[in-house]
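*Asks:* Sequence:
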Amino acid sequence: MPSVLIEVRRQYTPTQEFALMEAVHMALREAFKIVPGDKNVRLIVHEPHRFAYPPAREQADFYTHISIDAFAGRSLDAKRNLYKAIVTNLEPFGIPPDHVKILLREIPKENWGIRGGQAGCDVDLGFKVDV
1246 MPSVLIEVRR QYTPTQEFAL MEAVHMALRE AFKIVPGDKN VRLIVHEPHR
1296 FAYPPAREQA DFYTHISIDA FAGRSLDAKR NLYKAIVTNL EPFGIPPDHV
1346 KILLREIPKE NWGIRGGQAG CDVDLGFKVD V
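Quick note, in our numbering, the sequence shown goes up one by one and the last residue is 1376.
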């Protein structure tokens, strides 16, 4: 049940925006083994002057920041696979691998209020977190 926020510095078409969000979601499905319908992905398109980036990047408009809040418990290998899958899935959009920053925040299940106000630790999630 990861919650994803993608922040970019350039305009994409609506079709490209949907595909960009889907690319990150597919990486989560692959690496974290979440179910297909478990999708919570948001995209914010910033005006370039409102989104500073590391100065060593050659294509500033393609700098992409991805924040993922997820239940704690995934293995280091699953996280590594996620990072690689996201970068690979974003390459068709012209986003260079070194222009992607991924911030993964792991939150204990009891700190999520889901499915009608239940604590995440009290809910059958329908998937394993310890992958």
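One thing to keep in mind: the hints can contain errors.
As the list claims (entries may be wrong) - Mimicking EDC-like on lysine to aspartate or glutamate, the simulated pairs with C-alpha atoms at most 16 angstroms apart in a straight line are:
{"id": "1", "residue 1": "1329", "residue 2": "1292"}
{"id": "2", "residue 1": "1346", "residue 2": "1314"}
{"id": "3", "residue 1": "1278", "residue 2": "1375"}
{"id": "4", "residue 1": "1329", "residue 2": "1343"}
{"id": "5", "residue 1": "1284", "residue 2": "1306"}
{"id": "6", "residue 1": "1278", "residue 2": "1306"}
{"id": "7", "residue 1": "1373", "residue 2": "1322"}
{"id": "8", "residue 1": "1346", "residue 2": "1306"}
{"id": "9", "residue 1": "1324", "residue 2": "1314"}
Worth flagging that the hints you see were computed from the coordinates, not collected in a lab.
*Asks:* Each hint should be assessed against the structure and marked as holding or not.
*Replies:* Verification of the supplied hints:
1. 1329 x 1292: 27 angstroms, violated
2. 1346 x 1314: Distance of about 14 angstroms is within 16 angstroms: holds.
3. 1278 x 1375: 10 angstroms, holds
4. 1329 x 1343: 11 angstroms, holds
5. 1284 x 1306: 26 angstroms, violated
6. 1278 x 1306: 31 angstroms, violated
7. 1373 x 1322: 15 angstroms, holds
8. 1346 x 1306: At roughly 14 angstroms apart (the allowed maximum being 16 angstroms), residue 1306 and residue 1346 satisfy the hint.
9. 1324 x 1314: 12 angstroms, holds
In summary, the structure is inconsistent with hints 1, 5 and 6 from the numbered list given earlier, while agreeing with the others.
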